[in-house]
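Visitor: Given next are the chains, with one letter for each unit.
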Amino acid sequence: MSLHLRFNLNRGPLQLKLDLAVNAGETLALVGPNGSGKTTCLHAAAGLISIDHGTILLNGAVLDDGTGNAFVPAEQRDIGIVFQEHRLFPHMSAQDNVAFGLRAHGIGRKAARLTAAAWLSRMGLGDFAAEKPHSLSGGQAQRVALARALAKAPRLLLLDEPLAAVDASARQDLRRDLATHLRAFAGPRIIVTHDAVDAFVLADRIAVLEGGRIVQTGTTEAISSNPRTRYVADLIGLNFFRGVVRDSALELKNGARLIVVSQHQGNAVATMHPRSVALFHEQPIGSPRNAWPAPIEALEPALDSVRVRIGGQAPLVAEVTAATVASMGLRPGLTIWVAIKATEVHVRPE
Amino acid sequence: MKRRSSSSLRVLVALLTAIAVALFALPILAIVTSAPWSRLIEQLSSVPVQQALGLSLISSFGAVLLAVLLGLPLALWLSQSTSLLRTIVRIIVTLPIVLPPVTAGIALLLAYGRSSLVGAQFERWFGFSLPFSTAATVVAAAYMGMPFFVLSVEAGLRALDPRYLDAAASLGAGPWRRLWSVTLPMIQPSLRTGILLCFARALGEYCATQMFAGNLPGSTRTLPLACAVAMEVDPELAIGLSLILASLSIAVLFVLRHSWTPRR
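Residue numbers (this note's numbering), protein chains in the order written: chain A, 76 to 425; chain B, 597 to 860.
Hints were generated in silico from the structure; no laboratory data involved. Possibly wrong hints are sitting among the right ones.
Simulated DEER-style distance windows between Cβ atoms [what the hints assert, rightly or not]:
#1 Gly201/A - Val685/B: 49 to 55 Å
#2 Gly110/A - Val851/B: 42 to 48 Å
#3 Pro88/A - Phe620/B: 51 to 57 Å
#4 Ala245/A - Leu695/B: 54 to 60 Å
#5 Arg759/B - Gly293/A: 29 to 35 Å
Backbone N, C-alpha and C define an ideal beta-carbon position, used for all residues, glycine too.
Whenever a hint applies, use it, and build me the whole structure from the sequences.
Guide: Now the structure itself:
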């Protein structure tokens, strides 16, 4: 069992062109910035929109070939979708929501309700079967939505930002439960997300979609050790530069130069961890080969540190402790000296 | 937010508000106070009144039935998108709300009377001519009441988030199940409002009915017609019948109170 998406689809400003395959038992995370076409791609797989050219195959059967003749409407595709906003039917109880798909597949009322109740118990929501969606918390509603999608045993599971509308406090538990249920689902599964943690925890493989094109696919390890675009680097929290290496310096497009250690000459990308970026009030005298003054744009508190977003010709992020922020008086607008050792800049030929 | 207004303005506003309220409250109060309460039971149990009440209920419920049967598909079609054709159809369907009822009655007679094409065909099929029949009271009432149903339901359908229908489709629900299990339950408030408004308008229908269906006791004389006739010969009875009609209208507004009053 596998899903093959190979199609072109133009919608307003978006020109989606992709070629993706997801195997049974594999979770693919589709990540990318807003407007990159992630959700459109999911809707095409689900049959909520039709493609312009190409084919969509599920287990070898054509679901859409762009001609309209082969188009299989959503209700006949046998898919499960979890939407960003749970989209539970507001006039039905949690149990009837879960039973809805079973009823639509011709299962009797009684049997459907029994199966639905069992799914709700499995989600830890046995006591909430009679509740209407508006009296459920965000995390509970999303669990009901997951049960609703899974209860009718679909052949393909699609999740569209399933954690985005859930409180941060509930997200971790829901993510863990999602991981469990994704693993238990035998067919291909796709999760759309813009959250790196979700992608890394839930997916076996990541496909990065930017501007309607897949710019990088690979296992989570491969992607994080070798990000190919700024978006991917930002996603995993690395600083990212693209340029040309000449005479042991990476020349950026805008003319800025970064001293690096590399045998390679020519096009390259460079990454460095925010922790290896040092900040000084005065021009530093010492080993760092790279040092330049630049304005602080923003301070973003991270888990146990502060990410200092720095502008200028080579914008990057430095990670420092909260104590450093206080003692150095770091604040947006302040001009600061940035220093990076050449050995901390990881260069990869392109 | 409360704004400070000069006291003279406040007095003027209060005065005009009181006049406005009185303009609407006094007529209702007049009916209630002048109603022949002691004779009411006796009046209402007379055969002509019972007949008129029965005809009114037949024409009003018949109008609601027609509105749901024909108006629901029409509202579904109107709500699907915007186009010149849909705009024109909406104007035609809405027209009875603003059309003088006497004009509506004459138009109905011209379109569905014996000498018209449709009317002649109707007579051939059903063996009786539509005008001046009980069926004509239903048609007149539906013509006047259905626009309220169509407008209300179309507004409800347009406000319905189509993403719920996507979710239903993804769960395997075809068009019929989506309509029956998702769309209709989710627009239930609009359906209720539309049905009640249609019913109330049909119940009060007078002029178009008289033009198209006539004023025949026992077959087309509905309560409003009986009321107008009684005004000539037995004003007390007319007041009693008016009390019934007013009570029914008030009951409709009471049921709809949540749709009208802005929620806090």
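Visitor: Please go over all the hints and tell whether each is borne out by the structure.
Guide: Hints, one by one, checked against the model:
1. Gly201/A - Val685/B: 49 to 55 Å: 50 Å Cβ-Cβ, so the 49 to 55 Å window holds.
2. Gly110/A - Val851/B: 42 to 48 Å: For valine 851/B against glycine 110/A, whose Cβ atoms are near 47 Å apart, the range 42 to 48 Å holds.
3. Pro88/A - Phe620/B: 51 to 57 Å: 54 Å, holds
4. Ala245/A - Leu695/B: 54 to 60 Å: 57 Å, holds
5. Arg759/B - Gly293/A: 29 to 35 Å: 33 Å, holds
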